[in-house]
Structures are given as C-alpha cells and as structure tokens.
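J.: Next come the chains, spelled out residue by residue.
There are 2 protein chains.
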Amino acid sequence: MLGKTYDSEVCSMARALEIVGERWSLLILRDALFAGSSRFGEFQRTLGIATNVLSARLEGFVAAGLMERRAGADQAGAPEYVVTAKGRDLVPAIVALTQWGDRWAAPDGPPIEYQHATCGEPVTSQLHCAECGVVDDPAEVQARPGAGMPAEFLAHRRALRRR
Amino acid sequence: MLGKTYDSEVCSMARALEIVGERWSLLILRDALFAGSSRFGEFQRTLGIATNVLSARLEGFVAAGLMERRAGADQAGAPEYVVTAKGRDLVPAIVALTQWGDRWAAPDGPPIEYQHATCGEPVTSQLHCAECGVVDDPAEVQARPGAGMPAEFLAHRRALRRR
Numbered sequence: 001m002l003g004k005t006y007d008s009e010v011c012s013m014a015r016a017l018e019i020v021g022e023r024w025s026l027l028i029l030r031d032a033l034f035a036g037s038s039r040f041g042e043f044q045r046t047l048g049i050a051t052n053v054l055s056a057r058l059e060g061f062v063a064a065g066l067m068e069r070r071a072g073a074d075q076a077g078a079p080e081y082v083v084t085a086k087g088r089d090l091v092p093a094i095v096a097l098t099q100w101g102d103r104w105a106a107p108d109g110p111p112i113e114y115q116h117a118t119c120g121e122p123v124t125s126q127l128h129c130a131e132c133g134v135v136d137d138p139a140e141v142q143a144r145p146g147a148g149m150p151a152e153f154l155a156h157r158r159a160l161r162r163r
Numbered sequence: 001m002l003g004k005t006y007d008s009e010v011c012s013m014a015r016a017l018e019i020v021g022e023r024w025s026l027l028i029l030r031d032a033l034f035a036g037s038s039r040f041g042e043f044q045r046t047l048g049i050a051t052n053v054l055s056a057r058l059e060g061f062v063a064a065g066l067m068e069r070r071a072g073a074d075q076a077g078a079p080e081y082v083v084t085a086k087g088r089d090l091v092p093a094i095v096a097l098t099q100w101g102d103r104w105a106a107p108d109g110p111p112i113e114y115q116h117a118t119c120g121e122p123v124t125s126q127l128h129c130a131e132c133g134v135v136d137d138p139a140e141v142q143a144r145p146g147a148g149m150p151a152e153f154l155a156h157r158r159a160l161r162r163r
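Each protein sequence line maps, in turn, to chains A and E. In terms of the working numbering, the first sequence opens at residue 1 and continues consecutively. In terms of the working numbering, the second sequence opens at residue 1 and continues consecutively.
Simulated from the structure, these hints should not be mistaken for laboratory data. A quick note: this is a predicted structure, and the numbers were derived from the prediction, not measured. Ideal Cβ placement from N, Cα and C applies to all residues, glycine included. The reader is advised that the hints may include incorrect statements.
What the hints assert, rightly or not - List of simulated lysine to aspartate or glutamate pairs, EDC-like, C-alpha gap at most 20 Å: (1) A/K86 / E/E140; (2) E/K86 / A/D108; (3) E/K86 / A/D136; (4) A/K86 / E/D137; (5) E/K86 / A/E59; (6) A/K86 / E/E9; (7) A/K86 / E/E18.
As the list claims (entries may be wrong) - Listed next, the stretches of chain E that the computed footprint assigns to chain A, with coverage defined by at least 3 CB atoms under 8 Å from CB atoms of chain A: (8) 71-77; (9) 82-89.
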C-alpha cells in the first residue's frame, strides 16, 4: 500500500492507487482473478516476487478488503487468498490498462484476451457517454468537480497552478 | 519508470505499469490531461512532489512518448510538457481507476466527474461484450491466451503454479 503518499489529493484515482498502486499489486490481483492463483506459494513461484514483498501485499489486500484469507484445504494447510467483490471491481481498470499495453507495447499482438464467460466473445473496456454512447476519442473527455470536491480545495489548487 | 521490474511477465498490463506504474506517474498525467498543467512548476506546486521525482517522471514520459517537450512561451521560458496521443490513450484506465475509488473510497461522493466535451453528459468506463453489450458483473470476465502469448511461456507458468 502507498498509504498516505497521496494524502493531500482529493481524488478517487489517488485513493485507488494508494490501495493498488504499489509494485506488484495489480499483477498479484491479475493472477488471483484470471490465472487461478490463491496460495502464497502459487503467487510466489509464478511471479518470482520476493517473499517479504508478496507477504506485505497480501496482508495489505486483506486489510483493505480486497481479499479474504481462508483456512487452507491443501495438504500443507496453506491459507487461500480469495478476491472479494471490492477486489473484483478492479477488473475494469485491469482491462483498460491491458488494452493500453496491447495497443502501445505489444508488437507481437495481445498476450491475453478477455472474454465473456457466458458467451466466449471478447470483452473490452469502453468509455461511454450517457447521451452519445461509446466515446472513441479520449480527447473528448473532460473533468469537472463532483459532489465530493470541497470548494476550498479546488480554489487552492487553481491558485497554486497559476502562481 | 519501473523499467525491467516486470521483465519476466508476458502481459500488456505489466508493460503498461512499467511505463506508468511508478509513484506519481498517473497523477502527473491526470493533471496534464484534466487540470491544465503543462509546466514543471505547475506540476510541482499543485502536487507538492519532490523536484527530482517530478523531473524523472517528466523525462521518462518524454522518453516513452507519452509527452512532448516544447520550447517555453511563458515569461520564464519554461518548456511545456504536452500529452501525446499515446499518453491520452491512458484516459480509459484513469477513468476506470477513478470509478473504483469513487465506489470504494469516496464516502463524500465523487470529487471529480468526467463529462463528454461535446454534450456535457457524464462519461463512464464500461466493460463491453462484442455479443451481449455492457457487462455489469466483473465476475463474468475471463482471460484466455491471445496471439502474442508464447505457448512455452504459458506451459511454464502453469507448471510453476501447480508445483
């Protein structure tokens, strides 16, 4: 967990990155969600990640409610780490990041494709306008303050940028 | 840049995270894309980020083709950092991460909302099945090997996980 690195930010993306923005976090979740990994040794062997780092990430996920630790049922009694609904809700972000990599950093083609479990057809991430439908050009997306934005924070930010 | 941290991964998300997965990377891009920041001092003041870290990120973005450095036009002659199409293509991932934070870590409501520049209506990130349309339940998304997945890598991974 990045913890309070972005504490001065009033931003939901910053909050998300404090929970899943550390090295290996999203790759561990990817393997739990899509590769069937659930035990410490599985994550460790397939990712080749240092045990202290992996331990910290799994503990952090449990603390943040992204995973649940369940008593083990395998021969060695190793606990299972199972992704919760909160963790699974990161799938859209994982798919979107994958698509960017497919487009800009995969000269041999997409290593992984996402599919719909119920029909087997490809699943992609799309930007969607409530009025116009699919938004193909990301340059057409703007940000505006929402209900959770304190007015004084916004004024302070603007003043800082223009100084 | 994380550089070769995830070098053993055959994964477009890992490639994406090597380019934008370091601390502050996505927040710098967010400010460039949505808050109008383009000069070193603007990023530095609004984010409160250490100058050596900011410098490394901006240099890395230019090297990776996410930003272009343009000769300055302000009084001090500071160069501008302008997001390229490659950088702007991260908007869907930024929107998806923001939505996760809005849902799971924004008790006061969304600080920022995205809107369509052409009509002002809300823009959201959606998972979309080529056959069924919108996929609301992320549990319905599976991964399968794509054209860029070497068969030997997949076999090796599976063997490691089952060991």
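J.: Can you list which hints this structure breaks, lowest number first?
T.: 5, 6, 7, 8
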